[in-house]
Amino acid sequence: MKEIKLTNFFDQKKLASHTAIVALSLVLTLILAISGRFIDKPFDSVFVFLILTGQIEVFIFLGGLLFMKLNYDRNPIEVTRDVAGRLLVFLFACLLVSMILFIVMKYLAGSLTGKDLSRVVPDFFEYDIKDWFKSTIKGLLLGSIIFIVLLWQTSLRREQQLREQNLIFQNETLKSQVNPHFLFNSLNTISSLINTNPDAAETFINNLSFVYRYILENSHNDMVPLQSEIEFVTNYLNLHKIRDDDKIVLEININSADQYKILPVSLQILAENAIKHNIATREKPLIIKITMQDDLIVVSNTLRKKASQLMTTGIGLRNLAERVKLTTGKNLIISESDESFIVKIPLLKNEYINSRE
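Note that this note's numbering has the sequence shown beginning at 1130, numbered continuously upward.
Because the hints were derived from the structure by calculation, they are not lab data. One thing to keep in mind: the hints can contain errors.
As the list claims (entries may be wrong) - Below, simulated PhoX-like cross-link-like pairs (lysine-lysine); rule was C-alpha separation at most 20 Å, straight line:
no. : residue 1 : residue 2
1   : K1418     : K1376
2   : K1434     : K1459
3   : K1434     : K1405
4   : K1435     : K1413
5   : K1434     : K1418
6   : K1418     : K1198
7   : K1459     : K1198
Unchecked claim - FRET-style restraints, in silico, Cβ to Cβ:
no. : residue 1 : residue 2 : range
8   : T1209     : E1412     : 46 to 56 Å
9   : M1228     : I1383     : 52 to 62 Å
10  : V1378     : S1464     : 12 to 22 Å
11  : T1148     : F1254     : 31 to 41 Å
12  : E1412     : A1436     : 14 to 24 Å
Just so you know, these numbers come straight off a predicted model, no measurement behind them. Glycine included, each C-beta is placed from N, C-alpha and C at the ideal position.
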């Protein structure tokens, strides 16, 4: 079954959309005719058909103008506030345009039937306005219900995508917990350090236990405190620094970390990505910087790509970008220059997380 989307509902560039509008107007006119609305005034059926067609065309045009380009993948509170404001504007504009269209059609009908055109506007406000208002409100309520259903469907689709992405993330996290390569290298490092540098071995074991404990505790969480994530990635990179003889340099400059939350393991994914794709030596170490810019966490690293990584597909970054989009409603920002690779992750403030829960 093909999925209905808001963009399809408001798309008037396709002939099928206008055909559907004409068909809907015709069906509504026939229903009114069958109910006996036009027994004494058959010409009114044509008038009503034209009015309905024009109104629906205008309503959908206004709906597309106000709602089609609206970003629904944002914080629910922001979306609700934005939609409510636009809906009020939409209803007011529809009433105004509908009134103008009704009066114009009355003028056209009057000119064809030879009626006194000077009475069109006074008669509208004296006799026709109640019936016009009732029928227009009924149409707008029907359209609003359709829009709300479609918006609800969009929300359900987004929620389903988020659940699927979380399942994928949990699966990848579980796999990383038992990664034989990482664990084998870590055990080798511990074995070597125990005899040569017991203090470093103890530090390495503490860092390793912290990393595994953090992953186990947060594999099912959507968001974690930023400060906890920074401690996690610091411990993770300390493992590499000890194992790789300080070929990696980590620089962190973060203020107000206690006010924000971030996707779990997101900083580690970027750190691991930097280590995997770049050459690092003691003379030219891999420098990873973590800073803040407004409500973004900025992770940058020096760029010296390995030859084997020049044509990689970037699946890890794409998965992270999708998780960020579904969880925060914002985009992961990725940029690259000759000297550095930069990724900016949107953060959510604690008060927003609390209000959502």
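Taking only the CA atoms, is the gap from K1434 to K1459 under or equal to 20 Å? 28 Å, violated
Straight-line Cα separation of K1418 and K1198 no greater than 20 Å? Measuring from Cα to Cα gives roughly 36 Å; hence the hint is violated.
Range hint compliance [Cβ, T1148 to F1254, 31 to 41 Å]: 35 Å, holds
Checking one constraint from the list: CA of K1434 to CA of K1405, max 20 Å. Satisfied? Status holds; Cα separation ~9 Å.
For K1459 and K1198, compute the direct alpha-carbon distance and say whether it is at most 20 Å. 15 Å, holds
With 12 to 22 Å as the target window, see if V1378 and S1464 comply at their CB atoms. Given a distance of about 21 Å, which is inside 12 to 22 Å, the answer is holds.
If I claimed the Cβ atoms of M1228 and I1383 lie 52 to 62 Å apart, would that claim hold in this structure? 57 Å, holds
So does E1412 sit 14 to 24 Å from A1436, Cβ to Cβ? 19 Å, holds
Holds or violated: K1435 to K1413, with C-alpha atoms at most 20 Å apart: Holds: K1435 and K1413 sit about 14 Å apart, inside 20 Å.
Within 20 Å, alpha carbon to alpha carbon, are K1434 and K1418? Answer holds: K1434 to K1418 is near 17 Å, not above 20 Å.
Given the hint that K1418 pairs with K1376, does the C-alpha gap stay at or below 20 Å? OK: K1418 and K1376 at ~14 Å, within 20 Å.
Look at the Cβ atoms of T1209 and E1412 and judge whether their distance stays inside 46 to 56 Å. 55 Å, holds
Going down the numbered hints, you'll see the structure goes against 2, 6, while the others check out.
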